[in-house]
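Student: Here is what each chain is made of, one letter per residue.
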Amino acid sequence: MAGLEKTKKEKNFWEAVQEYFVELGKALAGGNITTKLSTVFMGLGHIFNYQYVKGILVFAIQALFVAYLFVTGIPNLSKFDTLGTVKREAVFDPLTLQNTVNDYDNSFMILLSSVSTIFIIILFVLFWIANIKNIYKIQKKRSLNKHVNSIKEDIKDLVGKKFHLTLLSLPVLGVILMNIIPILILIAVAFTNYDQNHMPPNELFTWIGFRNFVKLFGGSVSSSFGYAFRKVLNWTFVWAFLATFTTFIGGILMAQLINSTVIKYKRFWRSLFVISIAVPQFVTLLLVRNFFADSGIVNSICASCGITKFLQDMGLVSRSITYIPFLTSPNWAKFMIVMINIWVGIPYQMLIATGVLMNIPKDQIEAAKIDRASPFQIFRNITLPYILFIQGPALISDFVRNINNFGVIYLLTQDVYVTTDQALANAHAKEVDLLVTWLFRLTQEYYDYKMASVIGIIVFIICSVFTIISFTRVMAGDREETYQ
Amino acid sequence: MKRKFLSIVLASAMTLVAMTGCGNPDVATDPADMEMAAPEESGAAAPEVAADSADAIQNLINNTSGTVDLTLWTSEEDQEFTQKVLEDFKSLYPDVSFNITLGAESESTVKDTVLSDVEAAADVYTFAHDQINDLVNAGALQEIAKTYTFDVASANIDTSVEAASLGGKLYAYPMTADNGYFMFYDSSVIKDPSSLENMIADAKAANKKIAIQFNNGWYLYSFFKAVGLDATLNDDGKTNSCNWDAEGGTDVCQTILDLVNTGVVVNMDDGTTVTGIQDGVVCAAVNGIWNAQVAAEAWGDSYEAAKLPTVKIGDKDCQLSSYSGFKLVGVNPHSKNVGWAMLLAEYLTSEAVQTARFQARNLGPSNINAAASPEVQSDKAIAALAAQAPYSTPQVIGGNFWAPAETLGQILASGNPDGTDLQKLLNTAVEGITAPVSE
Chain Z
-7 MAGLEKTKKE
3 KNFWEAVQEY
13 FVELGKALAG
23 GNITTKLSTV
33 FMGLGHIFNY
43 QYVKGILVFA
53 IQALFVAYLF
63 VTGIPNLSKF
73 DTLGTVKREA
83 VFDPLTLQNT
93 VNDYDNSFMI
103 LLSSVSTIFI
113 IILFVLFWIA
123 NIKNIYKIQK
133 KRSLNKHVNS
143 IKEDIKDLVG
153 KKFHLTLLSL
163 PVLGVILMNI
173 IPILILIAVA
183 FTNYDQNHMP
193 PNELFTWIGF
203 RNFVKLFGGS
213 VSSSFGYAFR
223 KVLNWTFVWA
233 FLATFTTFIG
243 GILMAQLINS
253 TVIKYKRFWR
263 SLFVISIAVP
273 QFVTLLLVRN
283 FFADSGIVNS
293 ICASCGITKF
303 LQDMGLVSRS
313 ITYIPFLTSP
323 NWAKFMIVMI
333 NIWVGIPYQM
343 LIATGVLMNI
353 PKDQIEAAKI
363 DRASPFQIFR
373 NITLPYILFI
383 QGPALISDFV
393 RNINNFGVIY
403 LLTQDVYVTT
413 DQALANAHAK
423 EVDLLVTWLF
433 RLTQEYYDYK
443 MASVIGIIVF
453 IICSVFTIIS
463 FTRVMAGDRE
473 ETYQ
Chain P
112 MKRKFLSIVL
122 ASAMTLVAMT
132 GCGNPDVATD
142 PADMEMAAPE
152 ESGAAAPEVA
162 ADSADAIQNL
172 INNTSGTVDL
182 TLWTSEEDQE
192 FTQKVLEDFK
202 SLYPDVSFNI
212 TLGAESESTV
222 KDTVLSDVEA
232 AADVYTFAHD
242 QINDLVNAGA
252 LQEIAKTYTF
262 DVASANIDTS
272 VEAASLGGKL
282 YAYPMTADNG
292 YFMFYDSSVI
302 KDPSSLENMI
312 ADAKAANKKI
322 AIQFNNGWYL
332 YSFFKAVGLD
342 ATLNDDGKTN
352 SCNWDAEGGT
362 DVCQTILDLV
372 NTGVVVNMDD
382 GTTVTGIQDG
392 VVCAAVNGIW
402 NAQVAAEAWG
412 DSYEAAKLPT
422 VKIGDKDCQL
432 SSYSGFKLVG
442 VNPHSKNVGW
452 AMLLAEYLTS
462 EAVQTARFQA
472 RNLGPSNINA
482 AASPEVQSDK
492 AIAALAAQAP
502 YSTPQVIGGN
512 FWAPAETLGQ
522 ILASGNPDGT
532 DLQKLLNTAV
542 EGITAPVSE
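These protein sequence lines map, in sequence, to chains Z and P. With the first letter of the first sequence counted as 1, position 90 gets the number 82 in our numbering; the numbers rise by one all the way through. In short: position in the second sequence from 1, add 111, done, that's our numbering.
Hints listed in this document are in silico derivations from the structure and should not be mistaken for laboratory results. Since the model is a prediction, treat every value here as computed from it, not as a measurement. Among the hints, erroneous ones may be present.
Per the computed footprint, the stretches of chain P lying under chain Z, defined by three or more beta-carbons under 8 Å from a beta-carbon of chain Z, are [what the hints assert, rightly or not]:
hint: 1; stretch: 168 to 181
hint: 2; stretch: 246 to 256
hint: 3; stretch: 380 to 388
hint: 4; stretch: 444 to 450
hint: 5; stretch: 512 to 522
hint: 6; stretch: 525 to 539
Partial pick of chain P residues on the chain Z-facing surface, computed with a CB cut under 10 Å [stated by the list, open to error]:
hint: 7; residue: D163
hint: 8; residue: S164
hint: 9; residue: V229
hint: 10; residue: N327
hint: 11; residue: G543
hint: 12; residue: A546
All C-beta atoms in this analysis are idealised placements derived from N, C-alpha and C, irrespective of residue type, glycine included.
All chains should be modelled from the sequences, with the hints used to inform the complete structure.
Tutor: Below is the structure:
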């Protein structure tokens, strides 16, 4: 069924595209002389049809577009293939104490303006097509002696019948400016050599094709990037899985425990956990990082009561050190990060789970009790499936969020964790790094924007895949009835 | 270089004591007064400042219309002091209206902020000198082709000028000369600070620790340099040369392993060292002036500072080396008021302000005359830095040095848990340190 539905939808989309261009063809073929002239002088059709204000507005938009094209659009687009050739040079005049700077190219500005210009051109073409169709429509209406909207009526429509257009235009503009253009820039940078040696405005950067991708995936002898990438990606997935499921299960168990009849003062316990949410997470994390430092309070307690020695006897702590390397040796650090994340993450999950638990249909549980089901059986067969059903989509988005969980990893390990894997160190990565924290270090400390962009694209792809899965599979509209 | 600096300091201490007191920035009421006052301020450097400098400043004043907007970044701790100095600067030029915004940026990491958007960065900023090569490569420092109120190159100690230059060109104004490391210790515990072996014996007897940060390339360097193995920046200003893997390198590694194995010498970062000193666990630390104050307060009268000790590497007693460090003032070439920015930077690093900075903030001046004053000379930490000076080099190294050196130090400080062959460790570290800065 689902497959059939999909092809039907796709067909609709292609049909719509086809229709769109057929309409344009009709308008161009069937238009009278003013409609045809409007392809060049865009407001003309409106003015001939006595829509003066609209005509002038359309002319103004066309003029703005042409002006933009000539002032910044074309000059930047013409350099798009090289991203600039003139390096910045400044000459200091010791007598006037002024710098004379040549007319230099800024590769990043060229890239940014070019991408924006391409976007503006596309938007303008869409506007141009809409305009032609509109004029053709008016022409037909006139020939049939039908009513043509005045500008006042058009504006009225925008807050009335076509209010959805008004409402949507701002968010769409926001998405284009804040999301789409930056993502396109990010993708573009991945194909350039924008790094510490090529930093605008002082230096130029240029296109280098797929070399960065080869560096990351190829794992050539000269760079340890490939090795680091595999290790980091691996840990990113392990972490996202552990972080999501430990807090999820922990939250349910905790909520279940507080909900159970044996516990008194339920509200007190619940608010106790909420208080821990009220403390900003980064404060908690930085404090915990200090607690678990090599010479922190936990270590001195462990040392004085013999735990350190016990762990050394067990072989979990090397004999050559006198402390437990909670956040400084790879395996300990990974273990501690997951544990600390459980600690800071459970209260949230507990609150959500409490809400869900309170909504479990009581009749089912009562029925189960009458059938003498044990509490575990009730949990396994009623409570858990119910929670999973409700929280399934949230679980997947949690997974995606944990892939990008910058805060926990960065705050717990920055300045504390030093990798002992020399190949990782040579690629500026650490065992405990997620793709995002590695990306952050590459940009923030090594200005390696090109490699960071490549990693950014990969993070983007991974996150999109999981988000799409969660939206199509888990949240499919017809699932509502499946839960029984 | 270092010896020359010392002799200059000593010589000028005798002759110029009287002059340093005169550096007080008397408020000049008109530009003409200022021009006269300026050469005097720089003492010995007077002949270098020719009349055309005064002309140029007058020219600049005449050509300045409207308010001069400048942004200045200094460290969080320097804000109060700098605010006062800025008022003095403004009163030097009563005909010009300034709007100077003071911002706080850590000197050790200001590069990160500046490089993320050079054009939006401050017109004038202070920074630790190790960032100079990255800043120059990114075009974030104005070359100081000419100075106006005093001659920067001759007024400051040679090493500081060297640290402020790249490829023979001066790019910044030296401000302090105390940003290197030395050793401070509790003299009630440590009787003989001259050799690390004796120190360990003393500390062991008192059941206390000695803090050295091995997992930081900055400190790790001192052990390798002690046997003559070096890590330096290449002429391209980006990549490094390093011969730590040469003969003797494995001895250095073994020494560090042995030191850590005593349980007395402990790998501690800055924060842990400070808490260790306050808790009374640490009785000696290899660290910088920024933490010396904490130790002075914690240990009271028994606080002492000295040059780094010797340590037995292989079968020889070797004097530990160190990186010397300087704080510099840089001018952003993208500034709209480069001229005024340069004059402000000159003022911030002038002898008078350097002296005032020492009095207010206890920061060791790089200005020769200011450094020669008896107060400066009697400061324990600054004296220790001077004693360490012959065994130190200005730290200039490319970015690829840090991560591999840090990892090497971490492996050694944790006792080489995998038992990797020491030569192999060094080979991989050197490969990372000398790696090309992205092809």
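Student: Now, for every hint given, state plainly whether the structure supports it.
Tutor: A quick look at each hint next to the structure:
For the stretch 168 to 181 of chain P, the assignment as covered by chain Z holds, since 3 residues bring a beta-carbon within under 8 Å of that chain's beta-carbons and 3 suffice. Three residues within the 8 Å Cβ limit are the bar, and the stretch 246 to 256 of chain P against chain Z gives 7, so the coverage statement holds. Counting residues of the stretch 380 to 388 of chain P whose beta carbon lies closer than 8 Å to any beta carbon of chain Z gives 5, which meets the minimum of three for the stated coverage. Here the stretch 444 to 450 of chain P counts 4 residues with a CB under 8 Å from a CB of chain Z, which clears the bar of 3, and the coverage holds.
Check on the stretch 512 to 522 of chain P: 8 of its residues sit with their Cβ under 8 Å from a Cβ of chain Z, so the three-residue criterion for coverage holds. Check result for the stretch 525 to 539 of chain P against chain Z: holds, 7 residues qualifying (beta carbon to beta carbon below 8 Å, three or more required). With 10 Å as the threshold, the beta carbon of D163/P comes within range of chain Z, its nearest partner Cβ sitting at about 7 Å, so the hint holds. Below 10 Å, beta-carbon pairs count as interface contacts, and S164/P has one with chain Z at about 9 Å; its hint therefore holds.
Annotation: V229/P was flagged as interfacial toward chain Z, and the flag holds, the nearest CB pair being 7 Å apart, inside 10 Å. Because the beta carbon of N327/P sits about 9 Å from the nearest beta carbon in chain Z, less than 10 Å, this interface hint is met. The interface hint given for G543/P holds, since its Cβ lies 4 Å from the closest Cβ of chain Z, which is under the 10 Å cut-off. Annotation: interface hint on A546/P holds; nearest CB of chain Z at approximately 6 Å, less than 10 Å.
In the structure shown, no violation is registered for any of the earlier numbered hints.
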